[in-house]
Structure formats: structure tokens, C-alpha cells
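Protein chains in written order, with our numbering: chain Z, 1 to 621; chain G, 1 to 621; chain P, 1 to 337; chain Y, 1 to 337.
Rather than coming from a laboratory, the hints here were simulated on the basis of the structure.
Careful, some of the hints might be misleading.
Here are the simulated DSSO-like pairs of lysine-lysine, each with C-alpha atoms no more than 27 Å apart in a straight line [stated by the list, open to error]:
hint: 1; chain 1: P; residue 1: Lys239; chain 2: P; residue 2: Lys180
hint: 2; chain 1: Y; residue 1: Lys239; chain 2: G; residue 2: Lys122
hint: 3; chain 1: Z; residue 1: Lys122; chain 2: P; residue 2: Lys132
hint: 4; chain 1: Z; residue 1: Lys572; chain 2: G; residue 2: Lys572
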Amino acid sequence: MPDTVLRPPREIERVIIRFAGDSGDGMQLTGDRFTSASALFGNDVVTLPEYPAEIRAPAGSLAGVSAFQVQISEQPISTPGDAPNVLVAMNPAALRVNIEALERGGVIIVNVDSFEDRNLEKAGYDDNPLEDNSLDGYVVYEVPMSSLTRKACGQLGVKPRDAERSKNFFALGLISWMYTRPIDPTLDFINDRFEGNERVIEANTAAFRAGYNFGVTTELFEYKYTVKPAELPAGTYTNITGNTALAWGIVAAGVQAGLPVLLGSYPITPASDILHELSRHKNFGIRTMQAEDEIAGIGAALGASFAGQLGFTTTSGPGLALKSEAMGLAVSVELPLVIIDIQRGGPSTGLPTKTEAADLLMAMYGRHGESPVPVVAAHSPSHCFWATIEAARIALKYRTPVLLLSDGYLANGTEPWRLPTATELPDISVAFTTSPNHTDDDGNDTFWPYKRDHNLARPWAIPGTPGLMHRVGGLEKEDGTGNVSYDSQNHEHMVRTRAAKIAGIAADIAEIEVEGDVDADLLVLGWGSTLGAIATAVDRALDDGRRVARAHVDHINPFPRNLGDLLSRYEKILVPEMNLGQLSKLVRAEFLVDAQSLTKVSGQPFTALEIEEAIEEVLGD
Amino acid sequence: MPDTVLRPPREIERVIIRFAGDSGDGMQLTGDRFTSASALFGNDVVTLPEYPAEIRAPAGSLAGVSAFQVQISEQPISTPGDAPNVLVAMNPAALRVNIEALERGGVIIVNVDSFEDRNLEKAGYDDNPLEDNSLDGYVVYEVPMSSLTRKACGQLGVKPRDAERSKNFFALGLISWMYTRPIDPTLDFINDRFEGNERVIEANTAAFRAGYNFGVTTELFEYKYTVKPAELPAGTYTNITGNTALAWGIVAAGVQAGLPVLLGSYPITPASDILHELSRHKNFGIRTMQAEDEIAGIGAALGASFAGQLGFTTTSGPGLALKSEAMGLAVSVELPLVIIDIQRGGPSTGLPTKTEAADLLMAMYGRHGESPVPVVAAHSPSHCFWATIEAARIALKYRTPVLLLSDGYLANGTEPWRLPTATELPDISVAFTTSPNHTDDDGNDTFWPYKRDHNLARPWAIPGTPGLMHRVGGLEKEDGTGNVSYDSQNHEHMVRTRAAKIAGIAADIAEIEVEGDVDADLLVLGWGSTLGAIATAVDRALDDGRRVARAHVDHINPFPRNLGDLLSRYEKILVPEMNLGQLSKLVRAEFLVDAQSLTKVSGQPFTALEIEEAIEEVLGD
Amino acid sequence: MTDQATTTRQDWISDQEVRWCPGCGDYSILAAVQLLLPELDVKPENMVFISGIGCAARFPYYMETYGMHSIHGRAPAVASGIAMANPDLDVWVVGGDGDMLSIGGNHLIHALRRNINMVILLFNNQIYGLTKGQYSPTSEVGKVTKSTPFGSVDHPFNPISLALGADATFVARTHDMDRKHMMEIFRRAHSHTGAAFVEIYQNCNVFNDGAFSEITSKQNRSSMLIPLEHGKPVRFGDKLEKGVVIGDEGARIVDVADVGEDALHVHDEGNTNPGIAFMLSRLADSPHEPTPIGVFRHVHRPEYAEAARHQLVEAQERQGPGDLQALLHSRPTWEVT
Amino acid sequence: MTDQATTTRQDWISDQEVRWCPGCGDYSILAAVQLLLPELDVKPENMVFISGIGCAARFPYYMETYGMHSIHGRAPAVASGIAMANPDLDVWVVGGDGDMLSIGGNHLIHALRRNINMVILLFNNQIYGLTKGQYSPTSEVGKVTKSTPFGSVDHPFNPISLALGADATFVARTHDMDRKHMMEIFRRAHSHTGAAFVEIYQNCNVFNDGAFSEITSKQNRSSMLIPLEHGKPVRFGDKLEKGVVIGDEGARIVDVADVGEDALHVHDEGNTNPGIAFMLSRLADSPHEPTPIGVFRHVHRPEYAEAARHQLVEAQERQGPGDLQALLHSRPTWEVT
Ligand SMILES: Cc1ncc(C[n+]2csc(CCOP(=O)(O)OP(=O)(O)O)c2C)c(N)n1
Ligand SMILES: Cc1ncc(C[n+]2csc(CCOP(=O)(O)OP(=O)(O)O)c2C)c(N)n1
Ligand code: SF4
Ligand code: SF4
Ligand SMILES: [Mg+2]
Ligand SMILES: [Mg+2]
């Protein structure tokens, strides 16, 4: 396809594109393909999909709008970008819902065919925005995508209604041209994905080429652009969502622990995909059980742990609430178990498809009695892999349930991930106890299920092991023997010992590191998925000559052992969070530092700009 | 019964007696009777029962020991006392389990008949402690209670085995003589309680008189004592447990709100008695539903609230954990509901019959998402009544679930309570909405279920009201209309509004007051059932010339509006808690004050001495 | 509107846009309910729809009545509280097979055994719709779904058998392709005092399309649906050539010609012994064989909320209305002056 | 001890003091289990007892095996994980009527429908023992307890019917007064592959004494217990003068003299249709009428854990053993150099 636009492509450093359309329009697929092509091309890419909550809201309605934002860059990036530079709007509703996010002066490419009365009305437009000058501040390109797609496909004998389904590939072709993307990966993808369905392959290919050619041949567009490959560390990369990385982390944890995995889970958005992914990898000896509810899910996982497997359970907020009581049991019986919470908008059913990070305090305290559990948080899609292995490592070594927090933004967002080699993965295996560990007063060898090692972990002796039969349970246990004990002093001792065991993990986790201007007055302290936005904001502030540092906690219970020290070195501490200030509460209580909250609870991740502005405000001038 | 001990009774200010025996020995009844007689006599009394966890542990075993401690005093008191002065031990196990608590030099009265080989062995005594000088530091009275009882009853033709059952009344008679208690109330009680069972009435009466007479006639005891009536505020008093007071508080809340009550509950120690008590008062229009589990219990209560009744649910820690998700729904649908947690030893099944106050942080944060609920704590048995009405008041006025915390110590402990008159009870009624509250753009009257009043409470329009049909649910709702809304800004607004509503309650609750030396350097800050021990300790410290103040929070969310101010006035803050420092975490985070924890997690309430010592330590000298 | 004794379909339609997938069977169930209500002597303000979570559970939003879209699986519990609180309300529970048989199975069976006054509509589409296609406790063994890429291995519930096992007093089945039948069954369920359980075969055309078409499609109905009608022999087939007999092995399908009309089982929904109804429920293990529809069981048993209320009345008669001061003084008291 | 193929009763007794109330029926059930195990070819280290909370649920502490005293109602869920994890283990679940039918009802019916390999012993004493005497979902209507001082108003479950409604593959009933019968039933349950449900009438002599004595006391047994024996006509009575027939109304008790021996129902526990078993379960609504005991149903159906394991084996055969590096590289990758 020779290019008739004479000017060479303009080099740009990055671009943020948002594809938006009706849920039926295939925008997720379009965005995903564009992302993959860009990743394969070598750009750094970060994505943010947004689904409607309904399975299929009425076509053309505001509720039915589905969008996918991607930033592609020649520099390493860590967010999907703040305001998109380009909005592809397949219908009036998509325009209406997304226009506010677009940067002032940005580019809008609309499928003009869809801007007819019925659709305008469904989107709540009294007048056609393409005609009433309301888009004056933007660069608008009106492309008759539907009709051009119908035409392109019609030549193949595809019926107009079916042809229309391919219009997302038209849009993809057009944008691929516009940003000088390689086309082969997409053509290959079409062949793969729709294998066996020649008609669809042909139609989508035709639509994609038509879109591309539309860019080539019309003079509608002044420029095309190119974004050079980014300079990323050498290695093999794949583009990965947080949920896939997390599922693979579970697989890897099993492999690295040398233990079969059992996942007990009950479907819930946005965690279900982990169950889906894991259930495909049975050849790793992974058992997935779709339980009757969340309680049964954690119950089965705990049972598997008792039997010597590595138990996992995955859920989101409402499910985590239901698991509270069983987590308390896991604390009491001191068995390895990883509980994974993919946070979403709350309270209650809340906003199931939107992100939020407001389950932190529940993770810390959502159990009755003194019931401490380690809490680990993932900070990027690929980090979900590592955080899972880390959570499993702690669970195994300390025989404790561990809570791993991710969120909807990480779960569905993507980033390129340099795949680790086998040697980069830690060995997290632990030994089962297979022989008596105690000599009783009469000199007999015996097994004490609550005799602890130097990490305060109790022995893990599994059913099937001769001679080590023992019973565990949720009643308070006598130190050492594990027999039921109602003794006051023993209870006091056990409560404090369980707390000490978890607190002691601080010695076994990485210290927290400061980035940016180490000697600054202001430290931005983050956790979880805010990392990308914070890093970008701090980098920009540093570029602007501001003195600011940042640090990110991946271990929230216990905190890294140097965190208190670190915090005491900064006069001001800003904690951006997708909740009303939960980490902030924890560090204030623990270190008595006047941490200030920057909170956002809109179901949307922070933009770097929001954090940058807060930094400016705190620093004053 | 003329008294042959010639010396007049010695006047003492207070005495602490612990009755201990096998669970089958009726020690709870004995303690309870002694308490009632003393209360009727006019003493101030505070009790501490202790049950074994087993229904009936093997007779004579350590696990089967049941005890009941009571302090009677001529001064107002607020704890059952630290170390008992007198221990009544019905068997070797009871002696063994309780001797450690007894004050050095204290009095031990044993049923010497039970100190035979089998029982000694069951109690783990190698030698008979009555013979091996191990009790040398104490004043020991050996009384053949079993045989004397058998003898007394035998004259009535009661079989020896049956007679033996009355030996607790022998003990009661003896102690009643020793402390110059009136005997009529007990004789009346026996007649009442065992009405219709003449045999038992006669046997118990005979045993009681025999015990009393044993004191009168033998010269075993040098002195008898008397404790004068206390000077309590004028009024009609009853001796009440926290659970009864709480149940009556529920009845009163219904009456004062003018609403029928529905209690949805699932039995659990130590909360079940509230269900039991309430189920007896159906003539108040109170419905009690023993649900299939805790979730159904709160579900039914919430349903009743939706339908316009006053919904309550009662439970203990494990049950509260299960209710987490449904509480989140209640937060979201903003309906009045009172959730009552009688805390017990945790984590998990823990120590079901022992007290602890470690559910505070779960009460605050044990729900996913930003899900704030008011938290109220009861601080004494009788205060359970008032705290329940206060919780209901807040729930009704602000249309919110409210969490009320009590604990096992309050639940089963007793104190004399001056009964309130009708006029002392607050009117907590609220009006249902019965007509449209909004005019839409077209000028039509309509009902907006989420249009708030100046307290930010939404209208309560109940099914059956014509024209106000509406739907509520756990998905995020549009401000005003209550329609499902996935809008970002709306969600942000609603999250913050729900938080503001709860925070705003601070303006509507009592300020916290300081007692003791207002200008001291040290403030002892407490919550819940520690009040008695703290007050006693602070009083003693003040008596010793120490400069110390104290304050007690009954509202934990929101805190009283003057709490921050108050805390800032003291250099040192000591927070005694029956957990590992939960309130302390909250005040540190909120007010950045260096509150120091004094923690106890032994299943036992604080003694005043423990707090006194901590005060001494903090103050130094 | 609501003051009049009669309503029109329009009166039952809320102002919220219906957001199920186009073609979803839920639409026809909604229509059946909204068409039926005007025929009953009921007022919108006395009607309460309670649901859990799922596609089906969105139902209350579309009804111009009182309603609560509660949490997953808990609708029968919430509804129980409402039914206890106010006997004048007409309480309906709506939920999917995941909502009411998976996470909510326990509340369902307890509501049924208690016989608490409510109509329970189970939208059985043999799939989790809202969470985008996992298998459910009614999915057939071997079902390939997102969570079971190699096929599910667990045996499904037969919801009618389960309800009968829980001793439900009203048990019926209908399907989303037959509005008239639905309306008739809903009418019957509504008239029942106690818990009325209705299983509705509902097509999820997105994640489990055609699950029931073998038995519910127009052309198959006469040969694949076995209508249960009180007092009538159980027969079906284009020419009513098939019938059901009860034998020592259970219920089984026969050619009427082989056994003679008199040998056919005559359906008695009022049989206090649920044994026969249970046998009928086992005629089909999955919607791929001739399947009974209609009312399996309809018997009388005291209703829970009414019995509870009765105790209140009795208590008042016995003890007089509650007197708070008397209660406070009901234990031994003493005076301090 | 545990290396030998044979064990003695003593090998199964843990060092923990048994702490039920003197006279509690739980003792005889414990004895029956501890007497049976030496007769089976099993080793203590392969035996796992899982329970919830309640008096009955203390059971594992007294067994010298592996065990977990979990949380209220959740034992079947925990046991499912164990059964899935290790097929060599013998998993037993023990719990009371509150534990397994009230809070844990859902896990129970799901374990039964899944047919997951475990023996489930339901100690039905028709009361909450551990929490000191509230009514349970098996208590009779009108039961006066601490939580129902004026009598309970809810209709109880029939646990056998419920289990059959959930399509359990092995369903039996026995009682704590007949050690031999218990042992026989436990033996049969243990030999079953899948979920074996055993209801045991158990006397709580403290809070519900004598609940079953009308049918289980020595002098009443022959006239009040109806033994179900595979392949035999169902007969009972001192002189076997009574029998059971199946008719169009359900199962009913007759005088053998009236109907003749041949009319009696011959029990077939292997009937794949659970209809007859269900009818038998309805012969008695409460333990105050002649009540069937023995094995109601014993059929084969694929076991869940085994089916799940089979998928793992198949996957390995198809895809080879899991290769982590291959998995990581299974999506499109690119090289950066
Ligand atoms: C506690 C909890 N767990 C899980 C979910 C996720 N969830 C919502 S609906 C649903 C199941 C939907 O299936 P079904 O009940 O059959 O309804 P359908 O969508 O098919 O109508 C699940 C698992 C949730 N909302 N809450
Ligand atoms: C979550 C939770 N709710 C309630 C309880 C209190 N509880 C313990 S056992 C029990 C019921 C006991 O009855 P059952 O299961 O019949 O056993 P039994 O004691 O009669 O053998 C209850 C309600 C608990 N431990 N945990
Ligand atoms: S997913 Fe299925 S059940 Fe849900 S609305 Fe769509 S078609 Fe209906
Ligand atoms: S309370 Fe009842 S069931 Fe529990 S141990 Fe005592 S007698 Fe047995
Ligand atoms: Mg479904
Ligand atoms: Mg029981």
C-alpha cells in the first residue's frame, strides 16, 4: 500500500488514543489489537479498558458505551495517559460520554454514518454536535465508516448487516495508517482469531485494508505520525493484563514451591478472569474449583492447604467480606493460604466494573479478634505476577493466610512485560514435617503441631504422614501441643505470638526505596495501582525543577522495616489513594507523621496531572 | 436463728467473694443469689461470672470449673474487684483453678468432703493441698458441706444423691451468715424458683438453713462481718446483666420510636441471651426470628427496616464477620438498622465464653469499599440499655446501620441499676415520608428516594405508601433520584456524602467529659467495659495524690467533637484495652497524639490494680 | 393511579430503561408479570420485588413497585423480613440459578421449609449471565464455559426435586416461551399462602443460547413438555399418545396405547405426601427429554409470618400490651431513698 | 502402630479427654466409629475428620487421626478441598443439625450433588446443644426452647428427603442406641465412592432428652423402626406383621395380613430413580411414628474429585506436563535488544 500523503510521518514521542463505541462495536478488540501491534513494534504501551456494567445495554445508549484507552510511547511510561489526544467515536453516545476526557484541541474521528436522529436522541443530543459548532475547539474528522465498510465487504458478497460488524476493523485500519503501525500483525491476528470462519476473515481483512487505504488515499488527514520504539531493557516482552499476570503468578508459585495448586473461587467481576485463565492450565496439576459461594471457595482452599497443597482463593470486595470468618480460621490454624482481592468500586455491589482501592482497611482489620494477616499489594499489571509469588512465599514460610490486593485497573489494564527467565524466579519451597519434633516428659518422641521454628511458624505435617496425626481448629490452642486451651495466660501468649510472627516478617522483605530527589521536603507515598500516575507526576515535577521524592509500599502488613525512618526524613508526606485515605490512616497511626491524603473515589484511576497538581499545591511556590 | 457468736459483726467497707465449683454444682445460682440478697440489702454490687466452654465437662475436671465473683460494697463501685478476699471452693479443681486469683492471706472455705483421691487426681493434685501446707499463707476453713447437706436433707427423706445437689445452698447459707445477709430474700427465691417441686424446695431450704446454722453454731469462724448499705442515688433499683439491659434497651427503643421491632438473629455465645430475653416479650409487638445463619438474620432485619420496622441483629465476632457484606448493603441503601456485637475471645472460634474487646477495628473497617457506620460502645451492664437506645436513635435519624459493641464481661456481669422513669427516656421517633418530596422539570410532583434532609438522611418511605414506589439496591445510585448510576462524578459525590453524613453525627452526640484531675499530665482514655476498672484505678491514684484524669468514649465513630481538643491538653495518654491497641490506633491516626497502649488479651477483664500500676509506671515518680 | 382498584400494564412499568441483552428471555418474563398484575386485585404500593444479584436480579428496577436489589443470594432472607413485618404486602423474590441455587441455596430451602409468604421466581438459564458465562449448579455435566474449558464435572441440581426435598408447599415450573402458561402459573403462585416456588426455564441467548429449545420451541412443545393439570391424567404428545404411570421404579413415560388410559397417573397437586410430585420431577433429568411443566405441588401448611404474628396477638391477649415500666420492674427491685 | 495393617480400637482414641455431657448420645457414636475402624483396612494417618462447630463437631478431637475443627457450617467445604487434594485420604465430615442443616445447609447439598468423596455424619439431636438449647431446623413445630418460649413456628426439614432432593448418591439413617446398626451403616458409607450421607438420631440428654426414645428405645424398636434392607420386602413389627407398599398416594404402612406378602415393596437401594427412596423418607414426618432406618439409596455416579483429577491427567497427556517458560511465552512476544 503505497502512501500518497507526500509529507513524511511526523515523529511524536507519545500519543494517547481512546477508542469508544457501543458495547457491540468491538472496541475492546480494536484497542487491544492496536496495542499489540504497537507493542510488537517496540513502543512502550499502557492501556485502560472501560466496560459498561450491563452485559448488553441497549444499542446506542450512553450506558452501553465501551471504551479502550491506550498510550503508546517511545519513552518508558507507566500510565495510560491523562487526557487522550485522539478520540475515535463510533456513535454519538461514545462521543458524548468521552468528549470530556479529551484534551482541549484534540482530534476526534467519528463514524459520521451513525450520527443520525435515532442515535443522537439515544445519546441525549438535541442537536447534532457535528453541526452545532459545539466541537469547535477540536479537530474533527468525519469518516463514513459504516458505509465504507459495507461497500468494501459488499464486494465479497457479505450482507450489509454482517458487513457492518467489521467497521471496528475499518477504524483500526485507519488509525494504524495514521500512526504508521505495521499491518501484518493485525492481518495475522484476524486469520488466527477467526480461523475456520473464512467469511469473517475476509470481511474483517477487507474492512481493515479499506480503513488503512482511506488514510492513504483521501486528503482528509494532513499528517501521519510515527512513534519510535522505546528503549526498554533487553529481553523478550509480552503485553499482559494484571489478571493474566496474576494467574500466571499462581502457576509459577506452584511450580516454584513444588506444590500442586488448588484455587477455590466463586466468579465475580473483576476477578473471574483469573479463575478462567487458571482453569486452562490443568496440565500444571492445578485444580480449580468453582465453589457454591465465596466461603466454600476459601474453605476448599484451606482444606487443600491442610492436605499439603498450595491453596488460593480469588475474589473482589463483596466476596472478601464473606470470607472474613474463614480467614480468621486460617489465622488460627496457621496454614499457608493466599487470598486475592481484585478491588472494585464499593460499598456493596457498588460499581462492579470500575476500579477503586478501598478494601485496604478491610484487608487489614476485617476479621474479629486479633487476627493479623500479611497484606501485599500489586502496583502494575506485570507486578501482579511477582506480588503473587511473594504472597505465596510469605504464606508458605510463615504458615499464614496472606492477602494480596490488586484492583480493576490493574486487572484489565496492560503493559509490556519483560518475561523472566527460570533463574529469575525465587525458590519458595518449604519442607513438610515428617517426623516427631518434640520429646515429652517421659522421653517419648511426639509431634507438637504448635511448636514453632525461629520464624515462629508452626510445622506443616500433612495427612498421610504416619505418626504425626493431629487436630487443629479455631478454638484457642495450647502453645506447643495445640490442644484446646481456655487458659488465660496461654491465650495472651498465643495472641501476642501470632502478632509477633506477622510483625517479624518485616525482617524478611525488601526495604522501601526512595526515587526522585531524595533530599526533598515532600515525599509522595503510594501503594497499589497508583504507581504509574505517581511516578509520571513526580518525574514531571522533577523536570519542572520541583524538589520531590516518592516511595511505594508493596508490603502493607508488615510495613518495610525502614518505612518509619524514611517518613521521618520528610517534612511533608502526600498519600494519593483511590479511597478516602486508608493507607494514610495506617501510617499516621503507626508513625505519627502528618501524612496528607489526596483521594479520588470516582471509579477511575488517578491521572498524573491530578497528582502533579497536588504536588504543586503542597509545595506552594 | 439466734447468733451464738458473741462478738458483734465487724463492719467492713467491701468484700470480694468468689464461689467456685464444678459446672454441675450450681455456683452461678449461688453467686447470683448472694448478689441479689446483697443488692436488696442496699450494697453496691458488681459481678463477674465465668463459665466453662463445654456444656458439661467431666465432673471434677479443671475444664469443668465454673466460678462467680462478686464484690459488695458500701461505697459505689464499678468492678467485681481485683483479687477476691474469699474463695468458696466446692472441690479440688475449683481450688486449683482459682487459688492464684485469691489475695495473699485470703480466706478459703472448702467443701472438705470432696477432697478425696479421685477428685484430687482429676484436679491434678499429687498431694492433698489441705494437708501438704501449700495453703499456709491463707486462712482455710474446712467444712464438710456434702455430708452436712446430706444429713440436713436426709431428715426430710431426700435420697443422699439428690440431697447432695443442694450443697450449693449450704454454701450460700454459710456465706450469708458470715456476711450478715438477710435470709428472707433467699428463702422467697427458693419458693419461687422451684415452685411446684416441693421436694426440692424443702431440700434447698434445709440446706440453706443448715449452712447458716453451721456458721451460727460452730466456733470455726472467729468473726462475722457486715457491709453497710451503699449510698446510691435515690430510686428504684434492680440488679441487671448487660444482656438483659441490652434486650430491654431494644424493647425501649421500639417503644420510644413508636415502631415494631424485628430481631433477626442466629444463636451464638455470649449474645444468645438477648434473643432469648426478647423472644419472651412478644406482647410488645416484637418479632424474633431465629434465622438459618447470621447473614439471614441481618437480611431479615434489613428487610423489616425497609418495610418500616426497627430492625436489629445480635451476634458475636464470628457472626459479625459473616454480616460484613450485608452491612455494606445497609450502608448503601441507607436504612435504619442496629447491629449488636457481644465481643468474645478471638480470633476465629477463640474463647467463646471469655471476654475481649478486639472487634473494634472490624466494626470500623470490616466492610469493602468506603462503608462508614456509626459505632457506639456500652461501658457497663446497665449502660447497655442506654447505648442501645442511643444506637437506635442514630440509626433512625440518619437512616444508617449502627454498630453497637458490648462484650462478654458486660453481657454476663451485673450491677445495680436505678430504673429510669418514663420521662427519662428520649423520644427517638421519626416520621415516614408519605408524599412526594420533589418537583421534576415538568413541574410534576415526584418522589426522590435519595433526596436528603439537612442531616443528609434520605427519606424513609415504606411499602404500602401510595405513590412513593421506588427501588433501592447495592449498586451506586444517582444522587437524588436513586437510579442506578455508573457516573464517575456522581460516585465520588455519593461516597463523600455518605462519609459526611456519618461524620456529621458528631454534632449530635454528647461531648466527652473529663473526670479526675482535669489539669493532670496524664489522661487515661478508655472505651467499653474497661470503664469500671479505669475509674477505680484512677480514683485510687487520685487518693494516692497522683495527678491523673480520665475520659471514656462511648461513641467511637464519629468521635465526640471535642475529643481532639481534649487529647491535645494532655502530655501523656494511656489507653487500656482488651485487645492489642485498637482504639489507640484510631486516636493516633485521627489526632496524631502519642497515645500509649495498655493491652490485655487473656479473656479476662482488667483489674483496677493492673491499670493503677500502669498509671504509676507512666507517671514515674 | 394507585388509588383505583384496577391498574393497566403501564402502571407496572417503571421509568427505568430495561437493560437486558436484546433477545433475552427475561423480557418475556417481565412482560408476563406486568400483564398479569392488572388482572389481579393488587395495588403497586403493596407490591415488593426483592432480588439478589445477576441479570435476572435486575428485575425490580423495571417494576413500578417497591423493591430492593439486594446482594448475591440473600433475597429470600431480606424478603422474609419484609413478609414478617407487614402481612399486607405482596412479596416477590426474583433471582437466577446462581443467585438462588449456588450462593443462595440455603436461604431458598429455609424459606421453603418455613413456608413464608412470598412468590419465588427462579430464572433458570443454566448459566451465570451477569458475570459473563460461567457454569451454574443447574448446568449439565460436561458444560464448557469460561470457568470449565474442559467441561464441568459436577452433577446439577434438579430445582423442583430440591424444593420438594425442602418440603415446599407450592412447586411449579414454566418457561419463557409461553406467556400464557407463565401468567397462569404466576397467578396460581400469587394466590398461594406461603412460599410459592416457580422455576422458569429462561433462555440466555448470549451465553447459553437454546438451552431449552429442544423442549420449549413451538414445534417441540407438544412432544417434549408434559403438562401437569390437577385432577387430570398426565398425558402429552401431538395426539396425547404418551402418558405417565407411577410404578415401583418411579414415574415413567408410556404409550397410552400400551397401558390403557386408566393406568395413567392422575395428577393430584394437593397430595400432602410429596412423594409422587417428587417422582414426577425425576421424569426428566435435563431439558432434553420430555419434561413436566405446571404445578407439581400445592398444599396447605401454616404460613410462618402469620404463625409468628399469631404469637404476638396471643401474647398481648395473655399479658396485655407491652408496658415498658412494668418490664423494667419485672425483676426483684429495691428502693434507695 | 500405624505401620501395621491392623489397628485396635485403642489406636483410634486420641489423648484428649472426651468432654460431652455424661449420657450424651455422642459417646456411643464415637465408640461405634472407633470400633469399626479396626475392622476396615485403613490407617490412622490416612484418615481425616473435619467438623464445624457444635457439640457433635468436637468429634475430631477425640480421634487419633488428622482432623480439623473448622467453623460453623463450613466443614463440607473444607472437606471438599481435602478430598480434591489427596484421593488417598479418607475424609469424614461430622456435624450437628444446626451446623449442617442451618448455617451449613448449602455446603451440604452442594457436596451431595457434586458427589465428592466423603462420609458425612449428621448428628441429629433436633436441638442446638453447644449454645445451650435453641431449636434447630429439625425440631418439631411447637418446640419450646430458649429462643422459642411460646413454641417454634417453623416446619422442620426431613434430612433424608433433603439429601435425596439434592440427588445424593448414598443416603442412610441410623441411631445412637444401636451400635451394631451404626457400625454397619458406617461401614457401608465408608465403602461408597462419592458423598455418603448418614443421618444419626442422637439423644441430647441435657437439652432435648428422649427426642427419639419413642422409636429407638429397646422395647419400641421392633414396632417403630422400619429396617430397609436391599432386596428384601420392607417389613417390621414384633412379628413382622407390618409392611410398606408403594401406591399412587405415596408409600404407606399396611398390615401384611391385609395385602399379602407379595404386595410389599421390595427395597432396592440401587434404584437410579430416587423417587421411591424419597417416598420411603416420607413415611415418617417425625420420630413419633414408625420410621425407616438403613440405607435409602446407594447408587453410582462419577465422583467429583476423581473427575477433576481425570481432567488433570488428560490435560497432561494432551499438553504434556506444565512448562512455565512455555506458558510465559504463550502469548505474542517481541524481543528488545
Ligand atoms: C458476593 C458476590 N459474589 C459474586 C458476585 C458476582 N455475581 C454477580 S451475579 C452472579 C451470578 C449470576 O448468575 P445467575 O444468578 O444465574 O443470574 P443470571 O445473570 O444468569 O440471571 C455472580 C457470580 C456478587 N455480585 N456478589
Ligand atoms: C458463625 C457462628 N455462628 C454461631 C455460632 C454458635 N454456635 C456454635 S454451635 C451452634 C449450633 C449447635 O447445634 P448443632 O449444630 O445442632 O450441634 P450440637 O451442639 O447439637 O451437636 C451454634 C449456633 C458459631 N460458633 N459460629
Ligand atoms: S447475559 Fe444472558 S441472561 Fe443476562 S441479559 Fe444477556 S441474555 Fe439475558
Ligand atoms: S449439650 Fe446435649 S449434645 Fe451437647 S454434649 Fe451435652 S448432651 Fe450431648
Ligand atoms: Mg443464571
Ligand atoms: Mg444439634
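Broken hints, numbered, in rising order? 2
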